[in-house]
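Make the full structure from the sequences, and use the hints.
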Amino acid sequence: MTTHKQKAGVYAVTVTHYVTAAICFGVLAGMIAFSGSAFTGHYFQPRILAITHMAALGWGTCIIFGAYYQLVTVILETELYSVKLAWLSWAMLLPGTVSLVYAFWEFTPGIWMQIGALLLLVSIITFTLNIYLTATKARKQTIQEDFIFSACLCLCFTAMIGSALVFNFTGAFLLQGQLHYLRLHAHLGLAGWFLLTVIGVSSKLVPMFLVSSYQNRKVLQASYYLIISALVLFLVDSYIFGLNIKTYFIAIIGIAGIACYLYFIYKCIRTRIRKQIDLPMKHSLLSFILFGAGIVCIPFIIYYYRANNQLNIRYTLIYGIILLMGWITSLILGQTFKTLPFIVWMRHYEHLSGKVKTPMPSDLYKNSLLRIQSLAFAAFCVSFIFGCLVDSALLIRIGSVALLLTAATYLINVFIMILHKTRTYDEL
Amino acid sequence: MNFDITDQSAFLKAEAFETLRLVIDPELHVNIVDLGLVYDVKIDETEKLINVAMTLSSSYCPMGESILNAAKNCLEKHYPVYRTNVDLVWEPVWSYDNITDEGKRQLGLEK
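Chain order of the listed sequences is B and C. Taking the working numbering, the leading residue of the first sequence gets 11, the next gets one more, and so forth. Taking the working numbering, the leading residue of the second sequence gets 2, the next gets one more, and so forth.
Hints in this document: simulated from the structure, not taken from any laboratory. Be aware that a few hints might be false.
[Said to hold, decoys possible] With the C-beta cut set under 8 Å, the calculated list includes, among others, these residues of chain B facing chain C:
{"#": "1", "residue": "Val84"}
{"#": "2", "residue": "Ile283"}
{"#": "3", "residue": "Arg284"}
{"#": "4", "residue": "Phe352"}
{"#": "5", "residue": "Lys365"}
[As the list claims (entries may be wrong)] Lysine-lysine pairs mimicking DSS-like chemistry, simulated, CA-CA at most 30 Å apart:
{"#": "6", "chain 1": "B", "residue 1": "Lys147", "chain 2": "B", "residue 2": "Lys348"}
{"#": "7", "chain 1": "C", "residue 1": "Lys105", "chain 2": "B", "residue 2": "Lys285"}
{"#": "8", "chain 1": "B", "residue 1": "Lys348", "chain 2": "B", "residue 2": "Lys431"}
{"#": "9", "chain 1": "C", "residue 1": "Lys43", "chain 2": "B", "residue 2": "Lys365"}
{"#": "10", "chain 1": "C", "residue 1": "Lys49", "chain 2": "B", "residue 2": "Lys367"}
{"#": "11", "chain 1": "C", "residue 1": "Lys78", "chain 2": "B", "residue 2": "Lys365"}
{"#": "12", "chain 1": "B", "residue 1": "Lys367", "chain 2": "C", "residue 2": "Lys43"}
{"#": "13", "chain 1": "B", "residue 1": "Lys365", "chain 2": "B", "residue 2": "Lys17"}
{"#": "14", "chain 1": "B", "residue 1": "Lys228", "chain 2": "B", "residue 2": "Lys292"}
Beta carbons: idealized from backbone N, C-alpha and C, even for Gly.
Here is the structure:
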């Protein structure tokens, strides 16, 4: 009887990351609610910087770190190298995020911003080292390992550029303007860290959750090389020349890579054995639609930028909102309910399963709250994105309220799961 | 599951096989027998041992250990006189065709 077992202590570090991320999501929703007017101006301003970093680090990256520690046995087919390194990474990620976000919000580019940036950089390097040492123990090399390790490297590079930008606020040493480096920093984060992570993890999990036998490694390999090529070309070309006519072609290479991945997901859906798609998986499927909507913004951004039209600022802001608050958030809101209930269930019921009737993992959270969360999030997406597009303060306000409701229901459900007490079926 | 009347342990084998229907896949909410995960049940009367050969729908299923433990727990609870051994096998590879008609109905594959 052999499958991949979890290392002792992984449960606590994983759950701590999930709870931290859930609280950060609540804080993020509050920050957005208090910053309505910021979404109608330029994206390079204190409130937007604070919100973006809370979304990318406190929310997205923190929960991805936690999920990696738990799922590494599934994705890399070996156990996590070190739980201590995982704790060390978390212990720097949290104060680093708080310090950086606070310094951006108040815009005090001094010691707290610099300490925050350095803590985050060390946290990210620690995480990458842990994943690298885990991957070296894996018995076979998979395309998922390539995606994941490349994603970790991109995260390290983007953290380095971010730290350089923070120090550049007080002692200008960079050769070009902040916005020039911001573009590289953002795309290493979005296309490097988040996209490669999502593809690497979902290409293992989606076939498993849908019970699909589709296993076309070549499609994923094509996706990997196209996306990496596009990312490297974009970084080099836009660093030297800025956005130009070549950027369209680079975008096409990247989109071709994404299309390969979406084709893989489509084939998994078509060949799935499980016909019913549950609410968490619907959330995840919505994220792919939002991702497509984000991609649609790219040609507009390049066109308006080259035409020296101010609309490029509006579209860049919408692009960021769709990707961070739409795509990434939707994916996390869904996948939390495909991972956390199982993590908690294994903790409480693995030893009892088969002896007595136990609740199922999906019984560990309130489905009614999840339904409200899904509706509220859909309302946020429609209202907030259109609000930013047409510059409507009312729609942005309605969207902010919907996001607060989304965060409240999500937080309650996370705590219901975390605080679950072991009980057998008859007691329920 | 075939029933061989010349085999003295045939009844117990069939009963143990049916007992495994109490083990539910936590993700799919269908029992492991109707999912076609149980390949064979053998009884060793001299050793008082129940041997189960079963598979998983995916080699990297994070719930794999739980499902195997549940099968072992289930048989040990219902047949306390016997020890239980669960062997995880990957041949033949599990496929859609392994699912019983009842399993397909529960998964919404067939009306």
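Evaluation of the provided hints:
Taking 8 Å as the C-beta cut-off, the interface hint given for Val84 of chain B holds, the closest approach to chain C being about 5 Å. Look at Ile283 of chain B: its Cβ gets to within about 6 Å of chain C, closer than 8 Å, so that hint holds up. At about 6 Å, the closest approach between the beta carbon of Arg284 of chain B and any beta carbon in chain C falls short of 8 Å, and the interface hint on this residue holds. The closest approach between the C-beta of Phe352 of chain B and any C-beta of chain C is roughly 6 Å, which is under the 8 Å cut-off, so the hint is satisfied.
Given the 8 Å rule on beta carbons, the hint for Lys365 of chain B holds: about 5 Å separates it from the nearest Cβ of chain C. Using a Cα cut-off of 30 Å, the hinted pair Lys147 of chain B and Lys348 of chain B holds, with the two alpha carbons roughly 27 Å apart. Restraint check: the Cα-Cα separation between Lys105 of chain C and Lys285 of chain B comes to about 10 Å, which is no more than 30 Å; the hinted pair holds. Annotation: proposed proximity of Lys348 of chain B to Lys431 of chain B holds, straight-line Cα distance about 19 Å (limit 30 Å).
Annotation: proposed proximity of Lys43 of chain C to Lys365 of chain B holds, straight-line Cα distance about 21 Å (limit 30 Å). Under the criterion of a C-alpha separation no larger than 30 Å, the hint pairing Lys49 of chain C with Lys367 of chain B is consistent with the structure, at around 26 Å. Pair hint Lys78 of chain C plus Lys365 of chain B holds up; C-alpha atoms about 6 Å apart against a cutoff of 30 Å. Distance hint between Lys367 of chain B and Lys43 of chain C is fulfilled; the C-alpha atoms sit about 25 Å from each other, no more than 30 Å.
Taking the CA atoms of Lys365 of chain B and Lys17 of chain B, the gap is about 24 Å. The hint holds against a cut of 30 Å. Distance hint between Lys228 of chain B and Lys292 of chain B is fulfilled; the C-alpha atoms sit about 26 Å from each other, no more than 30 Å.
When the structure is compared with the earlier hints, no violation turns up for any of them.
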